[in-house]
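There are 4 protein chains.
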Amino acid sequence: MTRPLNSADFDDDKLHEECGVFGVFGHEEAAALTALGLHALQHRGQEACGIVTHDGDSFYSKRALGLVDSTFGDAATIERLKGYTAIGHNRYATTGEGNMRNIQPFYADLSSGGFSVAHNGNLTNAHILRSELVSKGAIFQSTSDTEVILHLLALSPKKTVQERLIDALGRIEGAYSLVAIAQDQLIGVRDPYGIRPLALGKLETASGEAYTLASETCAFDIIGAEHVRDVQPGEMITIGKDGIKSDFPFSRDKSRFCIFEYVYFARPDSRMEGKSVYEMRKNIGVELAKEAPCPGADVVIPVPDSGVPSAIGYAQGSGLPFELGIIRNHYVGRTFIEPSDKIRHLGVRLKHNANRAFIEGKSIILVDDSIVRGTTSRKIVEMMRNAGAREVHMRISSPPTAHSCFYGIDTPSTEELLAHKMNVEKIARYIGADSLAYISTDGLYRAMGETGRNNDKPQYCDACFTGDYPVDLKDHENNWTGIKVTRLQERSGKTGGAKG
Amino acid sequence: MTRPLNSADFDDDKLHEECGVFGVFGHEEAAALTALGLHALQHRGQEACGIVTHDGDSFYSKRALGLVDSTFGDAATIERLKGYTAIGHNRYATTGEGNMRNIQPFYADLSSGGFSVAHNGNLTNAHILRSELVSKGAIFQSTSDTEVILHLLALSPKKTVQERLIDALGRIEGAYSLVAIAQDQLIGVRDPYGIRPLALGKLETASGEAYTLASETCAFDIIGAEHVRDVQPGEMITIGKDGIKSDFPFSRDKSRFCIFEYVYFARPDSRMEGKSVYEMRKNIGVELAKEAPCPGADVVIPVPDSGVPSAIGYAQGSGLPFELGIIRNHYVGRTFIEPSDKIRHLGVRLKHNANRAFIEGKSIILVDDSIVRGTTSRKIVEMMRNAGAREVHMRISSPPTAHSCFYGIDTPSTEELLAHKMNVEKIARYIGADSLAYISTDGLYRAMGETGRNNDKPQYCDACFTGDYPVDLKDHENNWTGIKVTRLQERSGKTGGAKG
Amino acid sequence: MTRPLNSADFDDDKLHEECGVFGVFGHEEAAALTALGLHALQHRGQEACGIVTHDGDSFYSKRALGLVDSTFGDAATIERLKGYTAIGHNRYATTGEGNMRNIQPFYADLSSGGFSVAHNGNLTNAHILRSELVSKGAIFQSTSDTEVILHLLALSPKKTVQERLIDALGRIEGAYSLVAIAQDQLIGVRDPYGIRPLALGKLETASGEAYTLASETCAFDIIGAEHVRDVQPGEMITIGKDGIKSDFPFSRDKSRFCIFEYVYFARPDSRMEGKSVYEMRKNIGVELAKEAPCPGADVVIPVPDSGVPSAIGYAQGSGLPFELGIIRNHYVGRTFIEPSDKIRHLGVRLKHNANRAFIEGKSIILVDDSIVRGTTSRKIVEMMRNAGAREVHMRISSPPTAHSCFYGIDTPSTEELLAHKMNVEKIARYIGADSLAYISTDGLYRAMGETGRNNDKPQYCDACFTGDYPVDLKDHENNWTGIKVTRLQERSGKTGGAKG
Amino acid sequence: MTRPLNSADFDDDKLHEECGVFGVFGHEEAAALTALGLHALQHRGQEACGIVTHDGDSFYSKRALGLVDSTFGDAATIERLKGYTAIGHNRYATTGEGNMRNIQPFYADLSSGGFSVAHNGNLTNAHILRSELVSKGAIFQSTSDTEVILHLLALSPKKTVQERLIDALGRIEGAYSLVAIAQDQLIGVRDPYGIRPLALGKLETASGEAYTLASETCAFDIIGAEHVRDVQPGEMITIGKDGIKSDFPFSRDKSRFCIFEYVYFARPDSRMEGKSVYEMRKNIGVELAKEAPCPGADVVIPVPDSGVPSAIGYAQGSGLPFELGIIRNHYVGRTFIEPSDKIRHLGVRLKHNANRAFIEGKSIILVDDSIVRGTTSRKIVEMMRNAGAREVHMRISSPPTAHSCFYGIDTPSTEELLAHKMNVEKIARYIGADSLAYISTDGLYRAMGETGRNNDKPQYCDACFTGDYPVDLKDHENNWTGIKVTRLQERSGKTGGAKG
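Protein chains in written order, with my numbering: chain Y, 3 to 502; chain U, 3 to 502; chain W, 3 to 502; chain V, 3 to 502.
Just so you know, these hints were derived from the structure itself, not from any lab.
Honestly, I wouldn't trust all of these hints.
Away from chain U, derived, C-beta distances all over 12 Å, residues of chain W [claimed, not checked]:
| no. | residue |
| --- | --- |
| 1 | Lys138 |
| 2 | Thr162 |
| 3 | Gln185 |
| 4 | Gln187 |
| 5 | Val230 |
| 6 | Arg375 |
| 7 | Val426 |
| 8 | Arg431 |
| 9 | Asp436 |
Computed list of lysine-lysine pairs in DSS-like fashion (alpha-carbon distance at most 25 Å, straight line) [as the list claims (entries may be wrong)]:
| no. | chain 1 | residue 1 | chain 2 | residue 2 |
| --- | --- | --- | --- | --- |
| 10 | U | Lys277 | U | Lys292 |
| 11 | V | Lys161 | V | Lys247 |
| 12 | Y | Lys277 | Y | Lys459 |
| 13 | Y | Lys204 | V | Lys381 |
| 14 | Y | Lys161 | U | Lys138 |
| 15 | Y | Lys138 | U | Lys161 |
| 16 | Y | Lys277 | V | Lys364 |
| 17 | Y | Lys381 | V | Lys204 |
| 18 | U | Lys84 | U | Lys204 |
| 19 | W | Lys277 | U | Lys364 |
| 20 | Y | Lys277 | Y | Lys292 |
| 21 | U | Lys84 | U | Lys243 |
| 22 | W | Lys364 | U | Lys277 |
| 23 | Y | Lys16 | Y | Lys381 |
| 24 | V | Lys161 | V | Lys138 |
| 25 | U | Lys364 | U | Lys292 |
| 26 | W | Lys138 | V | Lys138 |
| 27 | V | Lys161 | W | Lys138 |
| 28 | U | Lys256 | U | Lys277 |
| 29 | Y | Lys247 | Y | Lys160 |
| 30 | W | Lys138 | V | Lys160 |
| 31 | U | Lys428 | U | Lys364 |
| 32 | U | Lys138 | Y | Lys138 |
| 33 | V | Lys138 | W | Lys161 |
| 34 | U | Lys16 | U | Lys381 |
| 35 | Y | Lys428 | Y | Lys381 |
All of these numbers come straight from a predicted model, not from anything done at the bench.
Where is the CB? At the ideal position from N, CA and C, for every residue including glycine.
Between the sequences and the hints, there should be enough to build the whole structure, so can you do that?
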């Protein structure tokens, strides 16, 4: 018997960014620019996407499951989304089947007028706040954290939307970067630790300047916008007809930007906090070659595609040749037949194939960015051996991933993380490698240009490696109290918390 | 040039019921029974449908645009809707393109637990209440009246859902019949005037008795349920594991059941308020033959399909033969090419054709139930003449429709109603008939078994004929104040108020 | 467990016409007219439809599964089908799942130019001819009889398409009415017995006259065309720029038009062979009331919808009142959940419901047009008894259907026909009726205006009642020899012979 | 105004392989293996795909537009395709909208039994043969060359399918590799010049050995089959229950395998004619670094993804660092909004983005495999300059593409080829590069391991570079005579010759 296979389950053993956001103010083609921006940010979320626009009078919305180009690829859809202000959102699949009601941006008619918001991040006290709000009569339509912000805003006694938003954000805890439209303004806010990214860009128009906000600078490149600067931790930027205003309404601590954005999440052509992501990845590879050399090996082989920059770095650092020893099929869709028992032993490789000519008889160094559950690494090592590799050495361009993320990244529970259960030696045996090395935490910080991790005041959020969580976890899934949320099960028979 | 034609626009000149509701408690196949019940009630709304079920623990929901059999026709969908309690809703198309967020039943997580409701009717003070609620921080997700009830409920300080519901309904005005699920109970309520119908049925099960609520008794017949009685005006019925409870929480006036349900809306095989709909229609035909005979005519021809019962009555009353002089194409879908100019003059008839053999050279009496804008009547008279009719006499089994309905029926604005603009003589000329007669209001009441209309205390709501509205219209669309609702335009670029 | 139910299986116990054809020459809107014509002929086939047009230079084609309005309802499709000549075809579902390759019209590039044909009927020597053709190197793409004609034409040594067509038709046996486009002409042919219908119509255009061919005259009415005359048995009509030409290339016998077209297949508003179908049906009802009166009965009730005209006739003939005692749900789609065991005993009625008010306590006469397997009749009788009927008498407006049709009608095998297995008395018991009567064959002929059946030279094809087949059955399914046709199974895993 | 954009038009300036074929004999999971094989060959054709299987008795078929995983990704489809023998085909989009009737494998019921064939290549005398066949009465259903083979087979007077196939192939000219099923055998044939590839593989099964044929060896790797050898030019391989038989029925010349398979078409992990494709590409890069060094340049940047292997070679050959200076968006679908005029000048980059950190201020060497029309090269050079490149040098790993291919590759007409219109210097100016160099023809042959091109007996087909066509072009599109093929236009209003 055969059954459908989600090839993502089969092959992908990565942490996943849960969202990308984009906003633009002051451009006649706001919806088209937002569609392009979301397209550039597609790697941050592939389950669903949405755009809300505003023409100074009405709001216009389109939200759907699926990729940006299938939802916003036709001119008619874009033309219906009128206005010079727009925000958009990409969402990562957090549940087996998507729920329309969790697709952002969200919208509400407040007494102060229409308000729309899109959010990247995760609130750590969302469940507590939700319980409180429901007991006061609030009706939730989604299971998303973002709706908590909306209700706090709706119930705020303050007058302006900015005051209400500050009021609302003052009550929440966690990591967030959000873009919003209200009262003919585009608003961008980044949490006080600056855990999730948000950048500000500028675009010349016939009639002056348009401003744009995006999770990554690659979204500026696609529309030809200039990267002005990053929104700062704890900053609220308000863009309106009178220009840009910057506020810092929240008390500020040392920033703790997510270091995993450099390791894997961000697109290599993005710049974050003044650094080229590609360059950081290469640096890690160079550092890794120093920390964990592999004498006697013949060739450096990246695990495609995310391992390529650090493999180039490793090759340059070690002086060994860099070769594409694993070839990727560019046409892998989301589902395919699972091999039946009769053909499973044949070792089906839907996504990758060994480039045997460069493997056979060689001692190879595989470079990958991370190991989460280890399932894919194990298959790849086996594929290399089947293709005739004499020795297989694995080098990982991040420290062992031993702790779950609660700040907007989709991670397995801590119990499922391979590095939580085994030490490096055991992991090497589990995946079948002749040797295995991870970069050290200090090595990672050195690749970032630091002298090492400042353990008193860490320069980055590295909780997934160190367990050092900058924001309190009082409300994570296993630890919240309050009234029971009876869940409405729509379509899939499954629901789960949708994070921004 | 040709363009798509909505054949409903082309051919249908009827008022339309806006919704049908169904509920069942205590049956293992609750979702399947509800799908069947909604199928039997499909004539009350074809745009969208939804079912919410409850298994004592969770709620399950499926709502979609389209007919019941396309949404709920497959076993997998039904099986996902677990539980022994279910409510369902059919919705009539009130806007050009449907909006998913207005599809009922609605659901909310209240502090008292999950609550789901489906509603047939229209609230006349909905806009005032909505403004109030928004200014208090309520966030509306739909443009439907029904959501007002939900928010009133959420904000009620009372404890039990019944108390909260009474609290909420005490604030609303208008016509409504609603079914709801809360705290493991099925609740049915009918407004104090009993304007919209709601009936109670019973079904034997292996383990005892299940109860069911429905807009019409034809929904009981399809599942083999027994019609116990109608829910009474102002009654709240609560069905739970301990049986049925009846309350009358609202002050009661004389009931005013919608007389148009007998004329056109209801299925002829339904019984309402103790009367057979088909029999009432035939009675009207008999009465009409007395009031408006047509000496010298050869044959009675129904305008299919709704004119058939009263045409049979007219034929029996007049002693003239009844013949199918107009043949209906059973395969008319919702869209078809509009004839281009080159073929328009050919007189395209997508839906109906004259049965020439029985028309040619004859003096015919056409019997129809109502004339709204007159466009279809005009075409049918012309079709009869083209088929060789010597004389065409039109008889209408309702009084002239001269006033809009605000109690849950989709009517054109009063200005568009032909009978508002013209007297009977002019209408006859407009539609091209040799003679035209409507039944009188008293005649209509006589057909119902009354001696005539009691003008002091009318026995029915007949506002569409008489303008005598039982419930105050302070908040109908042209007459409400309060904060501006900035409308989010989703998909269609059009929104409008969705009524239950 | 529930599983999808094809409601047609559940409810319909009828013979089915297998195809409708339409053609037009000389009109700028040829494709639009053909779409409308096919729409009017939709009752003759609902599985698939197709149109081929010709603009004097190229041919254009669109064929699809589904109803005419879903395939041809949009302007873009119609506009792509250029030209002033068009033919179209509706096909009845003969297999469980449709096969695109059997959808007509068929097209071939012949050495004499493009040729397209659509066909209503069935060839009785198709298998023999197919074997011969394959052994000569012909490659068949479909399992349809019609393709045999195409190959005979392609291999004919004659020069003109007319000569080739005569050559081809001279080799085939069976019942057929076909329309074709070739060499800038529209061609219509009817088999020598005239078993299947084909009518000629005329349409005024800005620049002169357009001609049209159709299976039934209702297809002329929808486009405002005038019915000129029927194509005669054995006639080949050629319509070109120089007008109409009529030939009788085949030897002619007495015509034997299918009498079942009057009984059930044709739309009641069509005229066939100079007779109104509706009138013939009423006449049968009147005759049936004479032959098989029902003393003591209270009311005549049609089995909707096909039983209505003969029920009206029966009511008029008997002086009993005619009432709609069975109400049909107008929204029955093609699939619905099959009731699970738990609710099956409730007696689910998806399509029909008893109008209890007119049934209860009465002795009723049900009038239907035919009984094929008896399954539906049985359910309807039971439904009447459950609604309280005191007595149920069944009257059938055709003689017992005891023989399969091989001339283009979808019939069960003779073994499955109830009237083949039982006499009338047994059938009455099987369906549970208090009495049952069929019209006699002579009565049926009398209703047609004859003095009775001329057994030497029958005036109609009535083989399904009498077993008197006008065309030899040497090649029907159980009786053909020749090479084995290895069947390619596409999609459904099922194939069967597709008839025109 | 915006309009849909086919991103392929926007970005891709490549020649395209037109088909991939796959076959397997003797495996219970024949359909599943074929689906996997086609998936591995997806790069050879993305428009449509099909599989035909045989179980010794019946044939089963599924053909559809779209990618392999969307058509064959579900278990139910695979399970319907029964049997132990299967052939499959991927097709490249040769027309704007696909035509179902051209999707392979083709099937015919011949007098010798069922026959199915799938074909990669192009016949140069197809039109002449088609005209002849039509004049003899053959009816063509597609516009594909492959159907010519089918008709020649059907009309062959020979007895066995092998004899008939030899008879048919003896009449055709051109390049072809085909797989077929007939008489319980899998047949593979390669044209006498061996222009298109075809390889033989072997697979262990529980009960013995299964054999498989595929365009490329990567299709063996995905199912774990072993590559036995390539089918030889002019060889016919017959695989049946008695094992493998090899015949060489055609006179043989020196083979002329398509050298462009090494340059671009084949997947880098395939082996062809004993050579690793990836290795050949790297060799070309090394050779190119020798032939056309770039003194003073800083970095070697591949044009992704096809330029990567030769860029690695160039970097190794030149000692310069290899960097990913262009980042590819992995989520590019087939359509997206075309930028309106207002945003076009922003330089939208849907598919690629410059990795500015590695471009800015540098002198870069871009390595690509070919330039066809030059449109993409021009944009990429501009993108590099916008990202701050100081100098942009382009190196191409094939000689100038100056001649169309008529052997199964989709090329623009010769007139549209940039290298046909301009010399290298002009092309450099046109694309805006500071320098441009192509590898020489002899250099290309050296990379293949030859000492250079043997101009008397060239070792490869290199007609696209040299214009030296091994097979006569008497019948290419501008040069055929015979009867006019009146084309039936289905759906798209466009047709064109479909090549295998």
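Would you check the hint for lysine 364 of chain U and lysine 292 of chain U, treating anything up to 25 Å between C-alpha atoms as holding? holds, 22 Å
Could you check that no beta carbon of chain U comes within 12 Å of the beta carbon of valine 230 of chain W? Per Cβ check, valine 230 of chain W is outside 12 Å of chain U; nearest 15 Å; holds.
If you draw a straight line from the CA of lysine 161 of chain V to the CA of lysine 247 of chain V, is it 25 Å or shorter? holds, 18 Å
Given the hinted pair lysine 277 of chain Y and lysine 292 of chain Y, is their alpha-carbon gap at most 25 Å? Since the Cα atoms of lysine 277 of chain Y and lysine 292 of chain Y sit roughly 22 Å apart, the hinted pair holds (cutoff 25 Å).
Does lysine 161 of chain U sit within 25 Å of lysine 138 of chain Y, going by the straight-line distance between their CA atoms? Status holds; Cα separation ~13 Å.
Just to be careful, I want the Cα atoms of lysine 84 of chain U and lysine 243 of chain U compared with a cutoff of 25 Å; is the pair within it? With Cα atoms ~17 Å apart, lysine 84 of chain U and lysine 243 of chain U stay inside 25 Å; holds.
Over 12 Å to the closest beta carbon of chain U is the bar; see if arginine 375 of chain W clears it. holds, 22 Å
What's the verdict on lysine 138 of chain W and lysine 138 of chain V, does the C-alpha distance respect the 25 Å limit or exceed it? holds, 11 Å
25 Å limit on alpha-carbon distance, applied to hinted pair lysine 256 of chain U and lysine 277 of chain U: Holds, at about 18 Å.
Could you grab the alpha-carbon distance between lysine 277 of chain Y and lysine 364 of chain V and see if it respects the 25 Å cut-off? With Cα atoms ~18 Å apart, lysine 277 of chain Y and lysine 364 of chain V stay inside 25 Å; holds.
If you draw a straight line from the CA of lysine 247 of chain Y to the CA of lysine 160 of chain Y, is it 25 Å or shorter? Holds. Lysine 247 of chain Y to lysine 160 of chain Y sits at ~19 Å (cutoff 25 Å).
Does the no-contact call for glutamine 187 of chain W survive, Cβ to all of chain U over 12 Å? holds, 22 Å
Checked against the numbered hints listed earlier, the structure breaks none of them; every hint is satisfied.
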